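There are 2 protein chains.
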Amino acid sequence: MGYSIVPLERLTEQLERLPGIGRKSAARLAFHLLYMPEKDAKTFMEALTDARDKIHECPVCCNLTDSATCPLCGDSRRDRTTVCVVEDPRDVLAVERTGEYNGLYHVLHGTISPMDGRGPDQLRVKELLRRLEDETVQEVIMAQNPTVEGDYTALYLSRLLKPLNIKVTRLAYGIPVGGDLEYADEITLSRSLEGRNEL
Amino acid sequence: MGYSIVPLERLTEQLERLPGIGRKSAARLAFHLLYMPEKDAKTFMEALTDARDKIHECPVCCNLTDSATCPLCGDSRRDRTTVCVVEDPRDVLAVERTGEYNGLYHVLHGTISPMDGRGPDQLRVKELLRRLEDETVQEVIMAQNPTVEGDYTALYLSRLLKPLNIKVTRLAYGIPVGGDLEYADEITLSRSLEGRNEL
Numbered sequence: 001m002g003y004s005i006v007p008l009e010r011l012t013e014q015l016e017r018l019p020g021i022g023r024k025s026a027a028r029l030a031f032h033l034l035y036m037p038e039k040d041a042k043t044f045m046e047a048l049t050d051a052r053d054k055i056h057e058c059p060v061c062c063n064l065t066d067s068a069t070c071p072l073c074g075d076s077r078r079d080r081t082t083v084c085v086v087e088d089p090r091d092v093l094a095v096e097r098t099g100e101y102n103g104l105y106h107v108l109h110g111t112i113s114p115m116d117g118r119g120p121d122q123l124r125v126k127e128l129l130r131r132l133e134d135e136t137v138q139e140v141i142m143a144q145n146p147t148v149e150g151d152y153t154a155l156y157l158s159r160l161l162k163p164l165n166i167k168v169t170r171l172a173y174g175i176p177v178g179g180d181l182e183y184a185d186e187i188t189l190s191r192s193l194e195g196r197n198e199l
Numbered sequence: 001m002g003y004s005i006v007p008l009e010r011l012t013e014q015l016e017r018l019p020g021i022g023r024k025s026a027a028r029l030a031f032h033l034l035y036m037p038e039k040d041a042k043t044f045m046e047a048l049t050d051a052r053d054k055i056h057e058c059p060v061c062c063n064l065t066d067s068a069t070c071p072l073c074g075d076s077r078r079d080r081t082t083v084c085v086v087e088d089p090r091d092v093l094a095v096e097r098t099g100e101y102n103g104l105y106h107v108l109h110g111t112i113s114p115m116d117g118r119g120p121d122q123l124r125v126k127e128l129l130r131r132l133e134d135e136t137v138q139e140v141i142m143a144q145n146p147t148v149e150g151d152y153t154a155l156y157l158s159r160l161l162k163p164l165n166i167k168v169t170r171l172a173y174g175i176p177v178g179g180d181l182e183y184a185d186e187i188t189l190s191r192s193l194e195g196r197n198e199l
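Taken in sequence, the protein lines are chains A and B. Under my numbering, think of the first position of the first sequence as 1, with each following residue one higher. Under my numbering, think of the first position of the second sequence as 1, with each following residue one higher.
Extracted from the complex, chain A is given alone in its bound form (with noise of 0.2 Å):
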């Protein structure tokens, strides 16, 4: 039949690219975004148009904001001897909802990984290093993801670090809490017994 609207299924293709988004989500999603009231449309057009525009790298940190400096490094309250270097603005959310940690951080925007060709050019290494220059900074905590990647950017950053008598620390990974040995996978709960600690 290929009986089709063409601007609804061009819209719908485009939702299909999101991720998370399959065939039948996007159909759904195109309806909705179609039968979505005028003032409505606007407001989630503008949304989009405004945090594309206004959302940058902060000078400092390379996270996220829309403001000239990030409101952390801004924060004259925070630990400015403690660096935590992450791989993704989320991660910063992430930490920061612990309430645990008071440093100011540093996101890489990614990790190294020679399979998909990024190497640390890519990343926002030269802005950690040039950050590390006037000798505040005491302490890196590397918090990478335990992945193959996130692994190996934490130990490439580590070497660099290490000449420049900085404290070089990594997140401990293990059983989550509520977590249950006999369910672990053999990796976490492998890594959870490397990193154990005396009682």
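In short, the hints are calculated from the structure, not lab data. Predicted model only: the values in this text are computed from it and were never measured. Warning: the hint list may mix true and false statements.
Any copy will do: because identical chains look the same in the list, a pair fits if it lies in one copy or spans two.
Distance condition first, Cα-Cα at most 30 Å in a straight line; then the derived DSBU-like pairs of lysine-lysine [said to hold, decoys possible]: (1) K126 to K39; (2) K54 to K126; (3) K126 to K167; (4) K39 to K24; (5) K54 to K24; (6) K162 to K24; (7) K24 to K42; (8) K162 to K126; (9) K42 to K54; (10) K167 to K24; (11) K54 to K39; (12) K39 to K162; (13) K39 to K167; (14) K54 to K162.
Following the hints, put chain B in place on chain A, whose structure we already have.
Chain B alone, transformed into the frame defined by chain A:
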């Protein structure tokens, strides 16, 4: 802590209002839309505005279309004596996919639902009655969903159309093909019994 990036937060909230998108998916989508290359973002926005600007209701069948009348109404090979009445433009696509139907459609854009304050005036009922005036249509197939509102709408319309000497039929509802009697819910099974056919 309350640390957040306002424009990103706003975009996330907008995405969260879409059907089937929860808080975490919305955050993920917001980051994806933020990191999208400029070209892709433009295509995405264009697809959205385009769909909203160009798509309107067909003046004959009230289906969505981007041409003057919809391609189904405009297709001279289709049987003009039968009209299939559906709730939603998506239902037209569903019936078209069967490849079994060669008549025309009429899209009501909803169901009668006194609970939600939707009466026949909010639906395209007047438009349907106007189409039936010239007496080419001999059969109207009610293809509403088998819900309370769908049933009620079908019943309401059939009472309206019968005095016009038009055959009014309703889709058969019953056990889906490949389904199992044992696992069918009782309402489906009752409908399937009621609608039994002679062999």
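Of the numbered hints stated previously, which ones are contradicted by the structure, given in increasing order?
6, 10, 12, 13 and 14
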